[in-house]
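There are 2 protein chains.
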Amino acid sequence: MRLVSERRAEGRQPRVVIVGAGFGGLTVAKNLAKTPVEVTLIDRENHHLFQPLLYQVATAGLSPADIAWPIRRLVRRQKNTRVLFGEVTGVDRARKRVILGDREIGYDILVLATGAAHGYFGNDGWAAHAPGLKGIDDATEIRRRLLLAFERAEIERDPEKRRRLLTIVIVGGGPTGVEMAGAVAELARMALAADFRAIDPGKTHVVLVEAGPRLLAGFPEHLSRYAADALARLGVDVRLARAVTDCDAAGVTLGDETVLAATVIWAAGVKASPAADWLRLEADRAGRVPVGPNLKPPGAEDIFVIGDTALARDAAGAALPGIAPVAKQQGAYVANAIKARAAGKAAPPPFRYRDRGQLATVGRKAAVIVYKRLRIKGRLAWWIWGVAHIYFLISLRNRLLVTTQWLWSYVTFERGARLITGTRAPPESDQTDTRTKTAPSPDGQEAA
Amino acid sequence: MRLVSERRAEGRQPRVVIVGAGFGGLTVAKNLAKTPVEVTLIDRENHHLFQPLLYQVATAGLSPADIAWPIRRLVRRQKNTRVLFGEVTGVDRARKRVILGDREIGYDILVLATGAAHGYFGNDGWAAHAPGLKGIDDATEIRRRLLLAFERAEIERDPEKRRRLLTIVIVGGGPTGVEMAGAVAELARMALAADFRAIDPGKTHVVLVEAGPRLLAGFPEHLSRYAADALARLGVDVRLARAVTDCDAAGVTLGDETVLAATVIWAAGVKASPAADWLRLEADRAGRVPVGPNLKPPGAEDIFVIGDTALARDAAGAALPGIAPVAKQQGAYVANAIKARAAGKAAPPPFRYRDRGQLATVGRKAAVIVYKRLRIKGRLAWWIWGVAHIYFLISLRNRLLVTTQWLWSYVTFERGARLITGTRAPPESDQTDTRTKTAPSPDGQEAA
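Order-wise, the sequence lines are chains P and U.
Under my numbering, think of the first position of the first sequence as 1, with each following residue one higher.
Under my numbering, think of the first position of the second sequence as 1, with each following residue one higher.
Hints in this document: simulated from the structure, not taken from any laboratory.
It cannot be assumed that every hint is accurate.
[Stated by the list, open to error] Derived DSS-like pairs: lysine-lysine, alpha-carbon spacing no greater than 25 Å straight-line: (1) LYS79(U) with LYS203(P); (2) LYS79(P) with LYS96(P); (3) LYS296(U) with LYS271(U); (4) LYS79(P) with LYS203(U); (5) LYS96(U) with LYS296(U); (6) LYS34(U) with LYS328(U).
[To be verified] Examples of chain P residues lying across from chain U (beta carbon under 10 Å, computed): (7) SER63; (8) ALA68; (9) TRP69; (10) ARG103; (11) GLU151; (12) ARG152; (13) ALA194; (14) LEU401; (15) THR404; (16) GLN405; (17) ALA417; (18) ARG418; (19) LEU419; (20) THR421.
Where a beta carbon is used, it is the ideal one built from N, C-alpha and C, also for glycine.
Can you build the whole structure from these sequences, using the hints too?
Written out as structure tokens, the structure is:
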């Protein structure tokens, strides 16, 4: 608390630096709009992303801008908040600075909400063959691979090679994997079905691989069974209790079986960002920073870690899941803690997650919902899922755009964003790597 | 006519190969839906693009999928038409084959509608510093550069460097250049104005450079003056009769003056695709293939060349402009010629372009229209421009999406697609260069 009071004594407001403008970090920033603190919100993308619908960008149902907003726009009216577009490379805890390459930003309170990336259980070589789905560029890359596989199959005469091109493997039976598998199957069977001459996209082999004994492990068992049945009805080949043992350009290996597949999508492991390394703290196996009930790592009074970056536990000792409601509630909690601190009041009571339920959609008119004691599946769950997702989108513009495209897809069975882009290399430019080349500037010394 | 009748005698339909699915090529294909010919439509993109609105993607107003459609979808119901996604590398006129790398497609009638790329008047080194606007990837690249320049300026403390980052040069005062300049000025002055803390995007220096004595050379003089005035009101620095003599990473040189600019956009020269080389014909300076009134190059009975690839002349001997209505009308003409030929009827009378007028928008509530004897400018022209462009979009979905976004921008002055994407290199993959690696297959020998 020393630094905060010091700065207040000098008549300057405490500096809050938030790294990451996902659900967690953005909530902190928004909730500090009227607090007498200087907020710096740093992200390596210029946009906040509504990740729950990212799989629909990857499967050509929505455009990236339908589910993404410039971070600057979201906090434009908060005069106490500035946005920095840049990549954090470390934290100097002794000097209380966030490091972005050769630039430094001083903080009094640091909030790390840097999210997670894909984890390949130590097999980083798999990444090239099995991209995961975290950002817009991931989604357009997966979309490119999916659509390209059908284009290549159309001109392929060798039946073996064609079969490989029309095999798509999704690794991981959690909500993302289930939603991807359903969306890919529908893309092939409905949207693309009539568009090819030499191949029948309806015969696409969509394989969903899950190492555990059932899909959607976080849901009650009968909903897992429902999801597996619904996927099977869409023609998805669900393989339970099969772990991926290898992955290369040819496809994936599941123990003694090899599935030849041109397209493999990774929805299995998640690995937190390197925040633990920055703080020189021990992380759990998924790279998460263990935090106490005040969402601070042990011994770090001026640092909060939230969202997918944090390993937080509920009262019963179970780890909180890496989902949007957890990150948002933690963000609101941290904002309250900062407000209290800025006002010289006592810290709020320990964080408690209020269960907001879980949803997952399997495909057209099929979804599962768990909310408190409620369990809903099928058509009703699907409509609730849709309305809830529209509701959580920011701004009328995006609600209208997504609703329009969903209604259109509902009626026509088509997907409107079937673009293969990014095939041409961008022209060389002195701007290409700007984000890591930020010039040193007097601003970088502001904390001195 | 020999080959056509030969094939008919064999009971096989004449094979029409169309290269390019832009306005010209797509019109040919659509109009042949019910003609007894085998149509192959080849494009190196998987989508047809509504190029007139591409500048709105580059300036963050629309998403790529709002103005692009999968080519397959547009001809899915035409059972006589197949779509090939691939890059044509040559034409073997003697053997009547189109060459795509190591693959060949035999034709009886060939339609080249391959469009144009940017031309740098022999200074191809300028391309890296001054990207032009032809495809979706160009548009997202320009969007990335524009938005990144503001982000860099925000963290730049050196006033000189900051000024360079906030200087945007558009080269070329035709419709594309005028529309880009207006859209960039509005992006900076309206959409971005309140979003930054260290810089004032409203002070962005937008320079429009035109080598000729006036903007919009194809329009009557008083409309050119109106456009220049309207741009000046938006704060655009219009430089007439100034040619670019050099272009590098620092900016552009206009004779004895250097304009330091981080972002340069090329809207000046256009160079037709290498179709003339494929045909071993002499092209004009812009790379276009001279065609006769039947839209065939001299001496080539089985080849049509249309759209931006062709140098066609009107009755008075003036070259037809490279605009959508010309390409569409030529496409319809070629389809009629092919129908007549397939039916054994006489070829249609020479092609005559029916003037469909010209439109260009300068910015909010400012546009110019020439239609026959009508000259309209200002607010009315702008509304007509908007309605006309919505009308020409394909499918209800895209009309709703574009209308929604335009209305939203009209009311809020904002731009909804402000995404910096493509900064991370795509993961390595065996699919990366698929389009040029098409495997040889029996299909490639189909004409043998």
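Against the structure, the hints:
no.	hint	in the structure
1	LYS79(U) with LYS203(P)	holds, 20 Å
2	LYS79(P) with LYS96(P)	holds, 24 Å
3	LYS296(U) with LYS271(U)	holds, 20 Å
4	LYS79(P) with LYS203(U)	holds, 20 Å
5	LYS96(U) with LYS296(U)	holds, 15 Å
6	LYS34(U) with LYS328(U)	holds, 18 Å
7	SER63	holds, 4 Å
8	ALA68	holds, 6 Å
9	TRP69	holds, 8 Å
10	ARG103	holds, 8 Å
11	GLU151	holds, 4 Å
12	ARG152	holds, 6 Å
13	ALA194	holds, 5 Å
14	LEU401	holds, 6 Å
15	THR404	holds, 5 Å
16	GLN405	holds, 7 Å
17	ALA417	holds, 4 Å
18	ARG418	holds, 4 Å
19	LEU419	holds, 5 Å
20	THR421	holds, 5 Å
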